[in-house]
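A.B. asks: Assemble the complex: chain A is given as a structure, and chain B must be docked to it using the hints.
Read top to bottom, the protein sequences are chains A and B.
Quick note on the numbering used here: the first sequence kicks off at 1 and runs consecutively.
Quick note on the numbering used here: the second sequence kicks off at 806 and runs consecutively.
Derived from the structure by calculation, the hints contain no laboratory data.
Computed from a prediction, not measured in an experiment: that's the story for all the values here.
It is possible that some hints are incorrect.
To be verified - Not everything, but these chain B residues come out facing chain A in the computed CB check (under 8 Å):
no., residue
1, 867
2, 873
3, 885
Cβ atoms here follow ideal geometry from the backbone N, Cα and C, with glycine treated the same way.
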Amino acid sequence: MNVRELTADQLCHRCDPESIPFASTDEVGPLDKVIGQPRAVAALNFAIGIDKKGYNVFALGETGTGKYSLIRHILDKHAEGEQVPEDLCYVNNFKEQYKPRLLSMAAGKGKELAEGMKNLEDEIRTGLRAAFESEDYQNRLQSIGEEIKEKQQEIFQTIQNKAAEHDMAPLRTPAGLIFAPVKDGEVVRPDELKNLSKEERKELEDKAADLQKEAQRLFQKMPQWQREINEKQKQFNREVIQYTISPLLQDLRDKFHDNNQVLEYLTAVEMDIIENVYLFFQDEGQQAALASPTGGRGGESQALRRYKVNQIIDHSESKGAPVVHEEYPSYQNLFGRVEHMAQMGTLITDFHMIRSGAFHRANGGYLVLDALKVLMEPFTWEGLKRILRSGELRIESLGQRYSLISTVSLEPEPLPLKVTVVLTGSPLIYYRLKHFDPEFGELFKVAADFTYAIDRNSENQREYSRIIATAVNNEELRPFTRDAVARVIEHSSRIAGDGEKLSMHMEGLTDLLRESDYLASQNGNSKVEREDVQQAIDSWTYRSDSIRERMQEQIYRDIITVETEGLRVGQINGLSVLQLGGFAFGRPSRITASIRIGKGDVVDIEREVAMGGPIHSKGVLILSGFLGARYATEHPLSLSASLVFEQSYGGIEGDSASSAELYALLSSISRVPIKQCFAVTGSVDQGGNVQAIGGVNEKIEGFFDICRARGLNGDQGVLIPQANLKHLMLRQNVIDTVRDGKFHIYPVRTIDQGIELLTGIKAGEPDQSGRYPEDSVNGKVFAVLADQAEKRLKDMRSAFSAKEE
Amino acid sequence: MEKQMSSIKQILVALDGSQSSISALESGVKLAVRLNAELVGLFVEDINLLRATQLPFTQEISMFSSGYRRLEALELERQLRVQADRVRRIMERITHAKNLSARFQVVRGSVAEEILIASKDADLLMLGKTGRSLPGFGRFGSTVRSVVVRRPGMTLVWHLDGAAIRPVVLAYDGSESAGKGLLVAFSLQESQDSGLIVYLVAESQEKGHELRLEVSNKLKELGGCATFRTLVRPDFANLTWMLRSENAGPIVLPCNQKRVSGEHLCSLLEEITNPVLLVK
Chain A
1 MNVRELTADQ
11 LCHRCDPESI
21 PFASTDEVGP
31 LDKVIGQPRA
41 VAALNFAIGI
51 DKKGYNVFAL
61 GETGTGKYSL
71 IRHILDKHAE
81 GEQVPEDLCY
91 VNNFKEQYKP
101 RLLSMAAGKG
111 KELAEGMKNL
121 EDEIRTGLRA
131 AFESEDYQNR
141 LQSIGEEIKE
151 KQQEIFQTIQ
161 NKAAEHDMAP
171 LRTPAGLIFA
181 PVKDGEVVRP
191 DELKNLSKEE
201 RKELEDKAAD
211 LQKEAQRLFQ
221 KMPQWQREIN
231 EKQKQFNREV
241 IQYTISPLLQ
251 DLRDKFHDNN
261 QVLEYLTAVE
271 MDIIENVYLF
281 FQDEGQQAAL
291 ASPTGGRGGE
301 SQALRRYKVN
311 QIIDHSESKG
321 APVVHEEYPS
331 YQNLFGRVEH
341 MAQMGTLITD
351 FHMIRSGAFH
361 RANGGYLVLD
371 ALKVLMEPFT
381 WEGLKRILRS
391 GELRIESLGQ
401 RYSLISTVSL
411 EPEPLPLKVT
421 VVLTGSPLIY
431 YRLKHFDPEF
441 GELFKVAADF
451 TYAIDRNSEN
461 QREYSRIIAT
471 AVNNEELRPF
481 TRDAVARVIE
491 HSSRIAGDGE
501 KLSMHMEGLT
511 DLLRESDYLA
521 SQNGNSKVER
531 EDVQQAIDSW
541 TYRSDSIRER
551 MQEQIYRDII
561 TVETEGLRVG
571 QINGLSVLQL
581 GGFAFGRPSR
591 ITASIRIGKG
601 DVVDIEREVA
611 MGGPIHSKGV
621 LILSGFLGAR
631 YATEHPLSLS
641 ASLVFEQSYG
651 GIEGDSASSA
661 ELYALLSSIS
671 RVPIKQCFAV
681 TGSVDQGGNV
691 QAIGGVNEKI
701 EGFFDICRAR
711 GLNGDQGVLI
721 PQANLKHLML
731 RQNVIDTVRD
741 GKFHIYPVRT
751 IDQGIELLTG
761 IKAGEPDQSG
771 RYPEDSVNGK
781 VFAVLADQAE
791 KRLKDMRSAF
801 SAKEE
Chain B
806 MEKQMSSIKQ
816 ILVALDGSQS
826 SISALESGVK
836 LAVRLNAELV
846 GLFVEDINLL
856 RATQLPFTQE
866 ISMFSSGYRR
876 LEALELERQL
886 RVQADRVRRI
896 MERITHAKNL
906 SARFQVVRGS
916 VAEEILIASK
926 DADLLMLGKT
936 GRSLPGFGRF
946 GSTVRSVVVR
956 RPGMTLVWHL
966 DGAAIRPVVL
976 AYDGSESAGK
986 GLLVAFSLQE
996 SQDSGLIVYL
1006 VAESQEKGHE
1016 LRLEVSNKLK
1026 ELGGCATFRT
1036 LVRPDFANLT
1046 WMLRSENAGP
1056 IVLPCNQKRV
1066 SGEHLCSLLE
1076 EITNPVLLVK
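Excised from the complex, chain A in its bound form (with noise of 0.2 Å):
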């Protein structure tokens, strides 16, 4: 059952630099397809096509993928070919002011309504001012004005003659009108009536009630006179308004006359105009205490604001469908505000203070936002699927929403909504709103996938150079040789944890991009060699590793007891990773295992402590039933194990040292000593095979570091899965050192594999009877557990027994 030992050219998936399409990355020029993650595309492809509600895309993927690029690539691409949306504007509805009207209209003509708008204020109060102050207009309305004179003076003439036939006179008092006898233009004397026949005093009587009885019916007609006087000045202006500016809207209804909305509104307009002609003639101090709500602009006129137009959206520059991302997409940002001005303590707005949300750009085009910040803005979240549901985009702010304020605002009409949303954001906040929010599914559809890794095969690994060349070439950087692309392959295939992949983490590859082309200035270099990208890396990892340092300095110094020469009964050294931040490193750990005669139980002290992670006592339990399968076909399982990771204060979780774990179970139970040489990474199934783990260059780099701060000896290295294989791309120095014969790696692919190698017995094989050689491990271990059980048995009858008696 011999294992061969790794080679040096086996510990690295070299790429090659002659496979490199390229001598340097300025030959190249820039990459006009998305490479590496069809998935994603075709997600992407499928929601722009298919334009049904609903079918709205959440970008999932880790951050640093690339996501966002690629989906603007997309976006951008298929929004070039589409038509541009329509200008928006706000207007004012005369009719209900506070819900003002929403105007689209064909991109570019948003602008030429609003600056038609404001020139006509100008215009119509210019044609105005001509109209009334012409002497046509006058006369016409002094004419109207005295019929009700005329009238008013043929009635009250009549009066006065009627008077005067009989002597009498209307007289004004300071309340009202009184008839008295008068004669030469005096009232006479009470006493002279004296001298009047009784007769003659009732016909004076009887004249004086009859005029004012006639008196006061034409008082009581004269309302009327002036309200029918009122009605026909009015009806007069209507008609010199109309005239005067019908001729002005003219010009703007000719240039919409297949807007069906703004020629609704041009007439909405005119009839307003005949309304509010007054607007136009306030002068400049009724104009400043009616300040418009808007800062800075107190001199606008009244009427200009009444009519001018709130374009709030305008494509008149705009080439094809709008692509809007959204850095921050608080609730008002992305659908929109209605401001509002104090003045005079009370907060007033109108409808040109009605602001735009990144909803109303993207209308008729394509949204991207990052999910974790909008689910971080209140409020927005439920906002953003309230429209996607009702498909129409209203603007009301929070406080009104929640009815918290009871200020007087707009409702300002709502656009109807056609915009695809794409979320960015990671497969976590992914999978929980899918598992949280039935409404989610309902409203993002479509799942675009970003893998965080491709296959690294030759076709992948020339389009991935053209990537880097591409990169480059967009950050203005050095020129990378080939060489240095071949270096920045491999690292990707490191961080991508696998020789046979390359890693699609754009952000670390560009990152490493800068700091080699920096590096590169520092040496001097016009070109990027192979160094210097080597030296970003080392740079990095140096700048990183201080944790790591300082723990493998416990370890030289003994603080944590790690041993790497000599032998030992139940004693292994394992392996583990830790993470910190972006930086992962390995960290040899002392497993011991103890045992004595029990009900077959294995004790994983981690878990005891509640230090261990689930998938860790998984792991433990999995080596009972190894054990159980393997040892006590013919007896019980009679012994208690005890596992521990020495001096481990951090928990452990993870499956990777369960191999580690049997190993010094086995030792325990067989007494057979293991080579502290050694260290051993990879999982164990119930039957004995050992499987892949995660982190194996970490793992064997950290044992490496050990050995080699104490002196490498030539027997040190790492068992490994054979099934890791693939997943190697060691450090250099670890490769040179096992080219040199002095550290070693082992592919392993069964736990009797394993055994032989640490303990230099063989494993041993059973024989027909399932009965293992005594001198082999496995032998050993037979013999002493079925030993235990037998002792076990005679304990339980001993006691038994006892009861019995």
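C.D. replies: Leaving out everything else, chain B in the frame of chain A:
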């Protein structure tokens, strides 16, 4: 010339609370300030009204409520007091903060008679053209008619439209009255800063030239200037047409001829819608 200008020492404004009389007061105040003259506001409690209350059948008709009611003398007196008080307050408001000697007086009697009596000492009488006439009555009333015919001095019959700033027009025929009128017209246009138009009323164009030279010299002394129009033997129709076409303000009219007196004068005043200053 300054001396001649300051010959207007007192201006009497007849006030009855009508808009026309208030407008006359506003103009009178400006003129009084300009001429440094005393301003007297006169309110007359009409004896005819008081007399009418003593008649057994006199009933008051209100303009703003239905029906009519018996008007007692006491109540009428109270109404007149309230009206006088209101006019006094208006006058105080208008004269407030003006460097002006002003007083307000109330008398009782026949309105025209009392105005004529009170204006004996005044150099200029101002009164509203329409007064508190019946609704729709734009024509001037019997009081104004009586006063303008009988009063010997200068009388300015003010029209509501006179409040607008328009050039002052002087009809100049070279008479003594016209000379007086020139001084007042000059002061009036100065008080309004409105400009002066002189209608040279002459028998011929040559006479018109002479009059123009005469007026120009006088204005030179006053430090002013004017626009001239020559009207050869004008009739009322010519004059009123000219005034309308000029869009003119007050007209200063010398009344030294027979045709500018009595009923002729009243007809002319009926026709002209501008304020008219009669200089006798």
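A.B. asks: Indicate, hint by hint, whether the structure satisfies it.
C.D. replies: Now the hints, each set against the structure:
1. 867: 5 Å, holds
2. 873: Constraint on residue 873 (chain B) satisfied, holds at 5 Å.
3. 885: 6 Å, holds
When each numbered hint is compared with the structure, no violation occurs for any of them.
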